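Start from the sequences and build out the full structure, keeping to the hints where you can.
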Amino acid sequence: MNGIDIGALADIPVQGARVVKTVFGCVAIFRTADDQIFALDDRCPHKGGPLSEGIVHGTQVTCPLHNWVFDMATGIAQGADDRRINTYPVRVDAGRIMLDAAQLLRRSAA
Amino acid sequence: MAQKLVVIGAGMASGRVLEKLFEAAPDAFEVTLFNGEARGNYNRIMLSPVLSGDKTYEDIVTHDDEWYAANNVTCRFGEHITKIDRERKVVISKSGETPYDTLLIATGSAPFIIPVSGKDLPGVVTYRDLEDTNAMIAAAKPGAKAVVIGGGLLGLEAAAGMQLRGMEVTVIHIMGHLMERQLDPAAGYLLQKALEARGITIHCKGATKAILGHGKVEAVALEDGTVYGADIVCMAVGIRPEVRIATDAHLDIGRGITVNDQMQTSDPAIYAVGECVEHNKQLFGLVAPLYDQANVVAASLLGRADAFRPVQTATKLKVTGCDLFSAGDFADGAGREDIVFRDPSRGIYKRLVILESRLIGAVLYGDTADGNWFFGLIKDATDIAEMRDTLIFGPAFQGGAKLDPMAAVAALPLDAEICGCNGVCKGKIVDAVIGGANTLDLVRAETKASSSCGTCTGLVEQVMAVTLGDAFVLPTSAPMCKCTEHTHEDVRRLIKASGLKSIPAVMQELGWKSPGGCHSCRPALNYYLLADWPLDYKDDRQSRFVNERNHANIQKDGTYSVVPRMWGGVTTPGELRAIADAADKYNVPMVKVTGGQRIDLLGVKKVDLPLMWADLNAAGMVSGHAYSKGLRTVKTCVGTEFCRFGTQDSTGLGIKLEKLLWGSWSPAKVKLGVSGCPRNCAEATCKDVGVVCVDSGYEISVAGAAGMDVRETEFLCKVATEAEVMEITAAFVQLYRENARYLHRIYKWVGCVGLDWCRAQVVDDLANRRALYDRFMISQSVYQSDPWAEHATTDNRPKWDALADLTLEAAE
Numbered sequence: 001m002n003g004i005d006i007g008a009l010a011d012i013p014v015q016g017a018r019v020v021k022t023v024f025g026c027v028a029i030f031r032t033a034d035d036q037i038f039a040l041d042d043r044c045p046h047k048g049g050p051l052s053e054g055i056v057h058g059t060q061v062t063c064p065l066h067n068w069v070f071d072m073a074t075g076i077a078q079g080a081d082d083r084r085i086n087t088y089p090v091r092v093d094a095g096r097i098m099l100d101a102a103q104l105l106r107r108s109a110a
Numbered sequence: 111m112a113q114k115l116v117v118i119g120a121g122m123a124s125g126r127v128l129e130k131l132f133e134a135a136p137d138a139f140e141v142t143l144f145n146g147e148a149r150g151n152y153n154r155i156m157l158s159p160v161l162s163g164d165k166t167y168e169d170i171v172t173h174d175d176e177w178y179a180a181n182n183v184t185c186r187f188g189e190h191i192t193k194i195d196r197e198r199k200v201v202i203s204k205s206g207e208t209p210y211d212t213l214l215i216a217t218g219s220a221p222f223i224i225p226v227s228g229k230d231l232p233g234v235v236t237y238r239d240l241e242d243t244n245a246m247i248a249a250a251k252p253g254a255k256a257v258v259i260g261g262g263l264l265g266l267e268a269a270a271g272m273q274l275r276g277m278e279v280t281v282i283h284i285m286g287h288l289m290e291r292q293l294d295p296a297a298g299y300l301l302q303k304a305l306e307a308r309g310i311t312i313h314c315k316g317a318t319k320a321i322l323g324h325g326k327v328e329a330v331a332l333e334d335g336t337v338y339g340a341d342i343v344c345m346a347v348g349i350r351p352e353v354r355i356a357t358d359a360h361l362d363i364g365r366g367i368t369v370n371d372q373m374q375t376s377d378p379a380i381y382a383v384g385e386c387v388e389h390n391k392q393l394f395g396l397v398a399p400l401y402d403q404a405n406v407v408a409a410s411l412l413g414r415a416d417a418f419r420p421v422q423t424a425t426k427l428k429v430t431g432c433d434l435f436s437a438g439d440f441a442d443g444a445g446r447e448d449i450v451f452r453d454p455s456r457g458i459y460k461r462l463v464i465l466e467s468r469l470i471g472a473v474l475y476g477d478t479a480d481g482n483w484f485f486g487l488i489k490d491a492t493d494i495a496e497m498r499d500t501l502i503f504g505p506a507f508q509g510g511a512k513l514d515p516m517a518a519v520a521a522l523p524l525d526a527e528i529c530g531c532n533g534v535c536k537g538k539i540v541d542a543v544i545g546g547a548n549t550l551d552l553v554r555a556e557t558k559a560s561s562s563c564g565t566c567t568g569l570v571e572q573v574m575a576v577t578l579g580d581a582f583v584l585p586t587s588a589p590m591c592k593c594t595e596h597t598h599e600d601v602r603r604l605i606k607a608s609g610l611k612s613i614p615a616v617m618q619e620l621g622w623k624s625p626g627g628c629h630s631c632r633p634a635l636n637y638y639l640l641a642d643w644p645l646d647y648k649d650d651r652q653s654r655f656v657n658e659r660n661h662a663n664i665q666k667d668g669t670y671s672v673v674p675r676m677w678g679g680v681t682t683p684g685e686l687r688a689i690a691d692a693a694d695k696y697n698v699p700m701v702k703v704t705g706g707q708r709i710d711l712l713g714v715k716k717v718d719l720p721l722m723w724a725d726l727n728a729a730g731m732v733s734g735h736a737y738s739k740g741l742r743t744v745k746t747c748v749g750t751e752f753c754r755f756g757t758q759d760s761t762g763l764g765i766k767l768e769k770l771l772w773g774s775w776s777p778a779k780v781k782l783g784v785s786g787c788p789r790n791c792a793e794a795t796c797k798d799v800g801v802v803c804v805d806s807g808y809e810i811s812v813a814g815a816a817g818m819d820v821r822e823t824e825f826l827c828k829v830a831t832e833a834e835v836m837e838i839t840a841a842f843v844q845l846y847r848e849n850a851r852y853l854h855r856i857y858k859w860v861g862c863v864g865l866d867w868c869r870a871q872v873v874d875d876l877a878n879r880r881a882l883y884d885r886f887m888i889s890q891s892v893y894q895s896d897p898w899a900e901h902a903t904t905d906n907r908p909k910w911d912a913l914a915d916l917t918l919e920a921a922e
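Residue numbers (our numbering), protein chains in the order written: chain R, 1 to 110; chain D, 111 to 922.
Hint data in this document are derived by calculation from the structure and do not stem from the laboratory. Here the structure is a predicted model, which is why all the values come from computation and not from measurement. No residue lacks a Cβ here, since even glycine has one placed at the ideal position from N, Cα and C. One or more hints might be untrue.
Said to hold, decoys possible - Restricting the straight-line Cα-Cα distance to at most 20 Å, the calculated cross-link-like pairs of lysine to aspartate or glutamate (DMTMM-like) are: (1) R:21 / D:915; (2) R:47 / D:667; (3) D:716 / R:5; (4) D:909 / R:5; (5) D:909 / R:11; (6) R:21 / D:919; (7) D:193 / D:147; (8) D:623 / R:34; (9) D:716 / R:11; (10) R:21 / D:911.
To be verified - Facing chain R, according to a computed beta carbon distance under 7 Å, are these residues of chain D, among others: (11) 172; (12) 621; (13) 623; (14) 629; (15) 913; (16) 919.
Here is the structure:
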């Protein structure tokens, strides 16, 4: 995977998130209680709430505006509405977070 | 022909040896019994009841002259052995030599005397034998003063005994809490409170410097300068094995006389038993292992194979009214887990220490009925994994295959108290149910159970369920959230009762069904924990809703609003300039005056928050907490300062209240109003707490609302001074903080518990008001700090920005 080093794992609070700015909008990078890392669009499909400001519980996050809950592994909303948000491959390598940004970079050739 | 057995010491251990010998082989031994004390074997453990007057010496004699005569024991009481001649197998006393085939040393222990000046003054006693006891009884004239040095088992029994005889007693203990070898600090504290309540003065961390007096003891001086007057001083700081005679005879000695499993010393003809021995590097002071030793000695003397194996021992304090039990090992250690039950209002504390599914220690205070059952589990190393959830409730709750709380309630006796607020026992609820009260409301109306603080509601419902059987439909007392079956009230109660001090601990111990909870329970748990354990619990920022985590209100577009605190709604030209400058500098789209007399800067980008805060901090402003479940605003009118109708300084009082309360977290937001006269320009009578000033003082009313529900406040009390307003308000807010369900505003909570109950707690009961106020201030010592200042530091600012910016990177 084409990983870009976007920062240290330690820069993200446990059960919290930080965002990465891209030309397509912000991507939220989440860290769970057991140090799993997920990357999702930082935009709730409901009213555009910043998911990075939501409460992280288990491998789920709750949107801070109206409490929609998303599974961070799949990006699928839980409950009645099953809309889905984009997820991005991300991994931790020697304490650094590597984000696969292939879809997120400005396409100079395009 | 009978063997010659000489016994040195007529204590409880050697007494038991003789009993066993005579029982098994009445004529096998010709016994000579020496004793330093001029009497035979009595039950030394019962000296405390003799001291307190519950028993006499005659009551506690174990072996009387008749018994010794019947067993042909040659008694040499009051005669000390001065030497053992092992080569010639004789013991030497003042009346000459006595030959032996076998010798049994049972010299017991000697009290430890701390080497301070004055230790030899008349009136300084130890607490070992009848002479000591009689000396204390003789000194016990009403009003006489006694000082006990040593807050261990013996010292406290001596203190309690002398106190019962009308003396003024002080206990000086060098450690931080009483009975530190048997009790953990919490139980030690409860014990101290109970002893103090009966009039005994306890001085912990007290090191004795000297015992003072001319010709007799008069006082005890401590290192810290305290001096306690004393007509008698009882030194009960510990004991050491009495080994002098064995040392002189060159037997192997460690701390005690070394014995093997057969209780034999390094000389095969000499045995030792009791407090003077050391077995496997261990000393023994309690009676149970000493009796075990005695059985082994008797068997060995009779040529039977037996071996001493020390078992766990349990301790009970024999002080009437102080039920205390401890057994096993309860020090903290790796891999050890605690189950703790506390009921402070009833003075009950129970702690079980578990290691790998085995109970290894127990400390019980206040209710020791289950002590022996726990002790059995410790001795037998029973696997308690299956009953762990209900273990602390004792054997009554372990019946049946399935351990459910219902069985626990069914097993409660009818006089078990269910509702602490109104003193309602199980029987009364059962009677009400049988009499037709088949709903919670009817039971409440009939018995008052669960009608006050409501924390016992679950228990009351369980009692109803047990009584009604299938006829009972549990009303849906909704669980806190889908992660648990427990209600908010249950969780609050269990956090306190089980001493749970972290979110993972709560989730673990209360069986949370989801890993990491959810957005609903996590903020609630975070609040309950920080409110109940202000000094122990560390606020978990990640369990807070965005507004409290970011100290600003998130808006629908993801920007934030910033509200600086304006004490009592009063500002200055300087502050207004700084606010205007900040609004300009960070392109604030809207500046608005709020309903709570503050200025709101709306539409601030997250990354600008710490910068703006730093600017506002520099102008002397702090966070207005306009986003918090906590103290928001104190709204005021101008009062006597300017208003021609004002009766008191409502503005000044509002500012004082806000400075007292700001920074505190609560179940939901708290807003106050202070009006200078009944015209009520500050709209105080729709606030959570409203103060209306009148000529003669201040009328405090509470539980107003002006949101989805609109309510006028209800009158709580009227007081004469600002100081009383402050104390009552803080106490009331603390009562709310400690008891309400998360997200319940004050009016909802008061609706549950009743205004009468609140008034009893914070108005009528002065001591309780003070205690609530003190607990509030303890919390404030941790939480009254400006979050802006914390987050606006240069170090912290980058955390408010994006982790990375990929907008400038080009794809390959």
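Going down the list of hints, with the structure as the test:
1. R:21 / D:915: 5 Å, holds
2. R:47 / D:667: 9 Å, holds
3. D:716 / R:5: Distance ~24 Å between residue 716 of chain D and residue 5 of chain R Cα, so the pair is violated.
4. D:909 / R:5: Status holds; Cα separation ~17 Å.
5. D:909 / R:11: The hint holds at about 8 Å.
6. R:21 / D:919: Distance ~11 Å between residue 21 of chain R and residue 919 of chain D Cα, so the pair holds.
7. D:193 / D:147: The hint holds at about 17 Å.
8. D:623 / R:34: Holds, at roughly 17 Å.
9. D:716 / R:11: Within the cut-off at roughly 17 Å; holds.
10. R:21 / D:911: At roughly 10 Å apart (the allowed maximum being 20 Å), residue 911 of chain D and residue 21 of chain R satisfy the hint.
11. 172: Because about 62 Å separates residue 172 of chain D from the closest Cβ in chain R, which is outside the 7 Å limit, the hint is violated.
12. 621: 16 Å, violated
13. 623: 11 Å, violated
14. 629: Interface hint status for residue 629 of chain D: holds (4 Å vs cutoff 7 Å).
15. 913: Given a least distance of 4 Å, the restraint on residue 913 of chain D holds.
16. 919: Holds, about 5 Å.
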